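Undergrad: The primary structure of each chain is shown beneath.
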Amino acid sequence: MAKKTHVATTINGEPMEFLCEARQSLLEVLRDNLAMTGSKEGCNNGNCGACTVLLDGQPVDSCLVLAVEAEGAEITTVEGIADDSRLHPIQQCFLEEAALQCGVCTPGFIVTAKALLDRNPTPSEHEIRFQLAGNLCRCTGYDKIIRAVQDAGKRMAAEARGASTTTNGSPARQQQKQAT
Amino acid sequence: MATVFIPTQWRDLTADVESVEIEGATLREIARGLEARFPGIAERLGDDGGIAAGVAVSIDGAIASRGMLAPVGPQSEIHFLPAIGGG
Amino acid sequence: MKEFEFQSATTVDEAVSLLAAKGDQARVLTGGTDLIVQLREGLRSADLVVDVKKIPELMTMSFSPEQGLRLGAAVPCHRIYGDKDVAVAYPGLADAARIIGGWQIQSRASVGGNLCNSSPAADSIPPLVVHDAVCHLAGPGGRRTVKASEFCTAPGKNVLQRGELLVSLEFPPPAEHASSAYMRFIPRNEMDIAVVGAASWVQLTAAGDTIEKASIALAAVAPTPLAATEASSFLAGKPATSETFAKAGELASQVARPISDKRGTSEYRKHLAGVLTQRTLAIAVERARG
Amino acid sequence: MAQAESHPRKYKVIGTRPVRHDGADKVTGRAIYGADLRLNGMVHGKILRSPHAHAVIKSIDTSAAAKLPGVVAVTTSADFPDLQDKIADLGEGAVNLAHLGANVLAHGKALYKGHAVAAVAATSPHVAQEALSLIKVEYEPLPAVTWVLDAMKDDAPLLHDDVYTKSMGKKADKPSNIAAHIHFEKGDVEDAFAGSDLVVEREFKTASVHQGYIEPHVSTALWNQDGHLTIWTSTQGSFTARQQTAELLQVPISQVTVVPCEIGGGFGGKIAVYLEPVAAMLSRKCGRPVKMVMSRDEVFEATGPTPGSSMRVKIGATKDGKLTAGEAWLAYDAGAFPGGVIGPGCMCVFSCYEFPAARVDGYDVLDNKPKTQAYRAPGATQAAFACESVIDELAEKLGIDPIEFRLKNAAKEGTRRVDGPVYPRVGFIETLEAAKASDHWKSPLEGKNRGRGIASGYWFNIGLKSSAAANVNPDGTVSLLEGSTDIGGTRTSVAMQLAETLGITAEAVHPKVVDTDSVGYTDVTGGSRVTFATGLAAYEVGRDILRQMCERAAILWECDAAEVESVDGEFKTKDKRMTFAELAGKLSQTGGPVVGRATVNPEGPTNGFGTHIVDVEVDPDTAKVTVLRYTAIQDAGKAIHPSYVEGQMQGGAVQGIGWALNEEYVFDGEGRMANASYLDYRMPTALDVPHIDTIIVEVPNPAHPYGVRGVGETPIVPPPAAMAVAVYHATGVRMQELPMSPPKLWAAMQK
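Protein chains in written order, with my numbering: chain A, 1 to 180; chain B, 1 to 87; chain C, 1 to 290; chain D, 1 to 751.
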């Protein structure tokens, strides 16, 4: 048996420990050791983005990160994007705007889009295309993905404005939760 | 009688006849009629009572799904085509 | 992937002694975007992988207009173009950092790693060459420096000796009326390896109409990144016009000695070397004028 | 009961855009794709592949691999039954099982780089990978051939000594790499060319391209100790996967269950089995579930691609723009085994136009590439590139607007195709009219180095068999079981047709794609057939349910069933009415549950035409092509879920743009693929394309109750031709080769 290393990390806000071999990628450990199969393997060499996760807030191809490198890191995967009771606006827009067909690239797009919109909720079409160029989609021709990301950004900005002008748990916020 | 269009690659058996009128209520009967007029054609069309791999039969523009049991109407138009699939 | 041992070093000395002990079966891990692929595909092998991202010196990026830039060898690309001052002072470097892979790759890949991978097509090496960057190496025998232009020796090969580690890259302070640009040609708009890459650095006279000094370097036209010295020296004292750029492009094209492969033909690459030289000169001049 | 209205004028569900039923699972990462499956005791299989493009396999020694700790099973083709000359009808077409088996694991000869030679199962994928390096294979390399015209030469390396050229059932007398010759002829072609005012003849070639689905092939098999084999897989057709696997293993079909997992794209490339029989054999040997996942390079080197081609097209016309004659000579490679996609290529090459006389010759040619597979409108894209390029050149030389030229000659109801059949009502003219009226076509294109291109394309809808069943739940919802694996939202487009039929909402139908034991036989998700044929099955299921529910209402109302009518989700007699949900809640009082079922095998031909317009700009120095604007127009018959129809049009257009510009298999001197990665295969990224505007034309299909025409495939047909025309207008160079990659276009521009 190959030697295993103990790694302590935080995944989607929860402290998580695992044992892994040095040669195992973060993607492999997420999927095989931790049963978090939302991150997909499309190429295993950093050219498709289907395995994108946030590592300390930065989008990375988890196939190109050794799991042992995650010691002490904060990781966000597609499983950690939605709230307990509702989808994230990006996920909601992907559904409403039919921005997925087979859906296997979708987790990667959603995670990268979140990284983008968290930094800039109103990116131009070109900015979205540029920042999402590391994520390949073969089904949609990208059209609806770009539109969904753009619309999600607008919703996020509106929600942020709403949150800053109403107190937490206000009726407006409650209603919005129910509506989605 | 149904009109049967002979594929160009079978016309070596039909002395270049391009289409014929054949009586028959099913494709099997049409095939028998064809074989009677142009010996050897049945072997090209099929084997063991079925339609040969790679050959599709179009009856009135529809691809026959019942093989040799496909019904043929009195005014039907029959073509033999390469079988196709899709992506 | 074959089994290997993983160590995370926290000091340069620790990394050097780990590397020295295993020799050519030890590999340095920075962003991993080349190394992990190579290990997985059996293109390189390793018994030991040494992560150097916990060594502060390798993760530090410090810049001042007086001192210039000290870039830790493991600093990921996104930090380079994400730092306004650095991006303005070394625009050719920022150009390259912004187009290495996609965003996910830029979160991990470092210029130091790009240099040590020593691909002839590496995007960041021509900017290092035209910016006169100096490599600071640490090894069992102590520290030494090597000019970035002399670092690569053959495809995938470089001057690093057994146990030696690239610690940082040092860039001279930005000069007055000077700027740079990097461009590459790829068939798509992202996510490709350069068919040809070109970096230009120019310093103009105060009036901004004449080139005082220039430096041009090319990628993917020779076994190692190539300084186009004829074109560079030709430019000194010439008016900063499109005619001048075109002539420099011709000279750059002449020194290119590319191969034909899946990414382009030799003839096409020679042609592109000229086109990209012209284009990067025009951008660098534009930027130098402010 | 009253007849359900077969053409309701106003639809309630059809034409709306509900959120897809499987959507939440797919945006949260919960959906289970093939690779996401985990079973207790599962081990991992890997395949050893040939490093040579063509070689005799003299021996395989697996003993050292078998001894590696962690290895639980090893297999080669020697473990499989001998299948000489068996032909199996797989619904979508017949297949020679010996060839299929030899593709799955090589028999005596490796026929392409990446051809599977042996397989190992081990406790981890890494151990399995290590074990592969311990298998000793002795090869005797043979000369390889990867270009279709080279493979047709008399002195070409022969791939098989038992393949003879077949011509519609007629077999040649000596072995050849030319596996089939197809010939169609209509009218007196020579005479017709002689009577033409203008004839244009051009030669074209295209490279092999891959379907490029993001999810690699994956299968998990468990050969249980009771002899039952269960396969979880990513497939376009669970029933065809079951049949192929059963045939290759020579076990009864009832002994195999195929459970379709979510599928990450297919485009025609996930119909043939690759891993399923191998995983099954490994599982039989080790008694544990065996999971096998291909790496991306394996996907490129051992699956797909679609053919490279050499084509010659000659077309004549009169001065006033009427087509007189056509002649096409098409050679497509089939890869290592016969049965490429030349048939539909021949049927589609002239299918957009009315030709008084025409002749088509097509050749299915073996060479040392992976066995070619269908790719979205298989064979039609290459043919359209050739035909549409010549059509554009004719229009230009005649001084006629390209849309007007097409309108003068457009195929329409009654047009006799070159291959014989006559078109029913089709919508080609309507797509041309929509193109003419589009904002894109009416907006002038300004600027240097820019050009606009237009081209049209055609694809069939195959019918084939679909089954479905549905249970009415007491709360008024309906659970729909279907067998069509859902690649692009078809659960929803099928469920919507059931909802429309029942008069309930799309959300009130809960569609599930189930395994081969749980629904009637259903053919592949392909041939643009699911929304058409499985949708028809859902409609029939709905009719069956309504008939039964009318009977139940009659029981409740103590009247005759014939007095009960069902309209818009209500059941009524002259004086009583009840909603679908109300009646559903009372089913237990009237005899128990209602289950609707249907199986269909529509033969009615449907045909999809599309016309695309594209603007490009070509960098005069680098020859790089930038797509500025794109509009895709297509006859969808009736768009069930317009967003997913648009999605098909947009996705197909972008695949076509990739085919036009950069995608290709590059081979080295020894016939090995040199660019087997996404990095160097270069599919379009988000940054490489603009928004793809869509115009859906609706000319209802007379053979479907809601007028559906399948839309999946046609959108990939026009783009390469449209792009080539646009590049011509930007540069003055007519490219007759795909891809029009920068080095090739630049070289052409230098001439």
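Any given hint might turn out to be false.
What the hints assert, rightly or not - Straight line, CA to CA, 25 Å or less: simulated BS3-like cross-link-like pairs of lysine-lysine:
#, chain 1, residue 1, chain 2, residue 2
1, C, 262, C, 213
2, C, 262, D, 67
3, C, 262, A, 4
4, C, 270, D, 624
5, D, 624, C, 247
6, D, 58, D, 10
7, D, 171, C, 270
8, C, 54, A, 4
9, D, 109, A, 4
10, D, 751, C, 247
11, A, 3, D, 624
12, C, 2, D, 624
13, A, 3, C, 213
Claimed, not checked - Non-contacting residues of chain A with respect to chain C, defined by C-beta distances greater than 10 Å in every case (computed):
#, residue
14, 2
15, 10
16, 14
17, 33
18, 46
19, 61
20, 64
21, 69
22, 76
23, 79
24, 115
25, 124
26, 134
27, 158
Quick caveat, the hints were computed from the structure, so don't treat them as lab data.
Since we're looking at a predicted model, the values are computed, not measured.
All residues carry an ideal CB built from backbone N, CA and C; glycine is no exception.
Undergrad: Confirm or reject each hint.
TA: Hint-by-hint comparison with the structure:
no. : hint          : verdict
1   : C:262 - C:213 : violated (36 Å)
2   : C:262 - D:67  : violated (40 Å)
3   : C:262 - A:4   : violated (40 Å)
4   : C:270 - D:624 : holds (16 Å)
5   : D:624 - C:247 : holds (23 Å)
6   : D:58 - D:10   : violated (68 Å)
7   : D:171 - C:270 : violated (52 Å)
8   : C:54 - A:4    : holds (20 Å)
9   : D:109 - A:4   : violated (41 Å)
10  : D:751 - C:247 : holds (23 Å)
11  : A:3 - D:624   : violated (50 Å)
12  : C:2 - D:624   : violated (41 Å)
13  : A:3 - C:213   : violated (56 Å)
14  : 2             : violated (5 Å)
15  : 10            : holds (18 Å)
16  : 14            : holds (22 Å)
17  : 33            : holds (15 Å)
18  : 46            : violated (6 Å)
19  : 61            : violated (5 Å)
20  : 64            : violated (5 Å)
21  : 69            : violated (6 Å)
22  : 76            : holds (13 Å)
23  : 79            : holds (18 Å)
24  : 115           : violated (8 Å)
25  : 124           : holds (15 Å)
26  : 134           : violated (2 Å)
27  : 158           : holds (25 Å)
Checked against the numbered hints given earlier, the structure breaks hints 1, 2, 3, 6, 7, 9, 11, 12, 13, 14, 18, 19, 20, 21, 24 and 26 and satisfies all the rest.
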